[in-house]
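> Listed here are the chains, written in short residue letters.
Protein chains: 2
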Amino acid sequence: MDTSTIKAVLCDIGGVLYEGNTPYPGAVEAVRRLKAAYPVRFLTNTTQKTGEQVVVKLQNMGFGIDASEVITALDVTKTFLKQRCGTATFLLTEDARRFFDDLAEAPCRYVVVGDAQENFTYAALNEAFRTLMAGGELLAAAKNRYFKDHEGKLSMDAGGFVAALEYASGKTAHVIGKPSVDFYRLACDALGVRPEEAVMIGDDIESDVAGAQAAGMRGILVETGKFAPADLERGIAPDAVFPSIAAVAF
Amino acid sequence: MDTSTIKAVLCDIGGVLYEGNTPYPGAVEAVRRLKAAYPVRFLTNTTQKTGEQVVVKLQNMGFGIDASEVITALDVTKTFLKQRCGTATFLLTEDARRFFDDLAEAPCRYVVVGDAQENFTYAALNEAFRTLMAGGELLAAAKNRYFKDHEGKLSMDAGGFVAALEYASGKTAHVIGKPSVDFYRLACDALGVRPEEAVMIGDDIESDVAGAQAAGMRGILVETGKFAPADLERGIAPDAVFPSIAAVAF
Numbered sequence: 001m002d003t004s005t006i007k008a009v010l011c012d013i014g015g016v017l018y019e020g021n022t023p024y025p026g027a028v029e030a031v032r033r034l035k036a037a038y039p040v041r042f043l044t045n046t047t048q049k050t051g052e053q054v055v056v057k058l059q060n061m062g063f064g065i066d067a068s069e070v071i072t073a074l075d076v077t078k079t080f081l082k083q084r085c086g087t088a089t090f091l092l093t094e095d096a097r098r099f100f101d102d103l104a105e106a107p108c109r110y111v112v113v114g115d116a117q118e119n120f121t122y123a124a125l126n127e128a129f130r131t132l133m134a135g136g137e138l139l140a141a142a143k144n145r146y147f148k149d150h151e152g153k154l155s156m157d158a159g160g161f162v163a164a165l166e167y168a169s170g171k172t173a174h175v176i177g178k179p180s181v182d183f184y185r186l187a188c189d190a191l192g193v194r195p196e197e198a199v200m201i202g203d204d205i206e207s208d209v210a211g212a213q214a215a216g217m218r219g220i221l222v223e224t225g226k227f228a229p230a231d232l233e234r235g236i237a238p239d240a241v242f243p244s245i246a247a248v249a250f
Numbered sequence: 001m002d003t004s005t006i007k008a009v010l011c012d013i014g015g016v017l018y019e020g021n022t023p024y025p026g027a028v029e030a031v032r033r034l035k036a037a038y039p040v041r042f043l044t045n046t047t048q049k050t051g052e053q054v055v056v057k058l059q060n061m062g063f064g065i066d067a068s069e070v071i072t073a074l075d076v077t078k079t080f081l082k083q084r085c086g087t088a089t090f091l092l093t094e095d096a097r098r099f100f101d102d103l104a105e106a107p108c109r110y111v112v113v114g115d116a117q118e119n120f121t122y123a124a125l126n127e128a129f130r131t132l133m134a135g136g137e138l139l140a141a142a143k144n145r146y147f148k149d150h151e152g153k154l155s156m157d158a159g160g161f162v163a164a165l166e167y168a169s170g171k172t173a174h175v176i177g178k179p180s181v182d183f184y185r186l187a188c189d190a191l192g193v194r195p196e197e198a199v200m201i202g203d204d205i206e207s208d209v210a211g212a213q214a215a216g217m218r219g220i221l222v223e224t225g226k227f228a229p230a231d232l233e234r235g236i237a238p239d240a241v242f243p244s245i246a247a248v249a250f
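Residue numbers (the numbering used here), protein chains in the order written: chain A, 1 to 250; chain B, 1 to 250.
So here's chain A without its partners, still in its complex pose (with noise of 0.2 Å):
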């Protein structure tokens, strides 16, 4: 990898910086040493917190990064809702349904769906499904297929929820966060720099790396968080690989 093309960083959140309440040896470090080498932006496809709630989790484990450097799946997802209606019926956790409090109340609908944990019972799909039976669309605030919750156990996130939907009404879903295209373009614009000139780190090899690299970035996995090494068989070529963020030299 030409390192000397790079100028900037966009770097994944949970599972590249911290497992569970714990930032992995030397990620602190590795994040400072980051910063004062480019512009970084820290990506989650977490839909379970809004940014402030992140960017508190990771002030607390004692990262220096704040707010305007953290963009979430609804961040992304409430600029598209305000760029096109103000409503939609929504399954996510309490403290993500409340960011959208603020949206405009407006005829045209939506269903959008995050990592809704307990909120994802029969009634509450059973709603969204009506929804997109009567005419509504699916937006996917992320579509990943598992994370690892607070024990350490594979649970299950939005994407099987949304494949669900997807299934159930016909209807195919416009996915939001991580891998679209859409996000990481965004990300770029808001760094001032075009694709071929960041770099993603993550430990996804199919949403952190594939994803970056179909919107023309490079792809970076650690070997952290989800990562297995049966990874490095699907086919998915990054364009490197280190052992965890702290060991990422460039």
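The list makes no distinction among identical chains, and a pair is therefore deemed to hold if it is satisfied within one copy or across any two copies.
16 Å max Cα-Cα, derived EDC-like pairs, lysine to aspartate or glutamate:
1) K78 / D101
2) K153 / E127
3) K148 / E127
4) K226 / E151
5) K78 / E137
Calculated from the structure, these hints are not laboratory results.
With chain A fixed as given, assemble chain B onto it according to the hints.
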């Protein structure tokens, strides 16, 4: 359609014989007439109820049908599990779950998904997902998209939740119920006829009509239940279309 070659009749239940708790006009007499002329089996993908419960409901509505004439997706699922192993993680209603209580314990692992309704909780889906990620295989007792509930509202059927687990786990479900060719072939075997000698009557153009045709049978559509006029524009040509079961003439 050449009716002279019909030697047996397969017939869907909900949406063909009755809606809610009420037989369609002329349906009881139509069943009597069909049974007088042909051997008949009543097939249902309903995985909320066992065959015995289905029959009780039919008899209460006046249908002269007994348990030996009903084949449910749960029956075929139980046969499948008995042949291969004795245990599974079940996503089903309480009644349907009890139907599997007499299976022997065994080490091999399946996940069985039926129309679990309110039992489709995030916790239960996650348990099923983790079984799959630990090497389990996914069985869809049925993969229907939706059904009309007792209030006449469209509601999500098992299919969406099968799709959710497929997406999250990366595995493909083995479908047991309609439109699985296995299900139709098993019904033909039970009647001692070849598929081309049987017709299937149903209200679901995909599962009943296209499914039966894929199994080598003729598929007859009735315009009751979940039928909608747009169904006839989906590239599937029923061998015959009748306004209702009462109008079926052969």
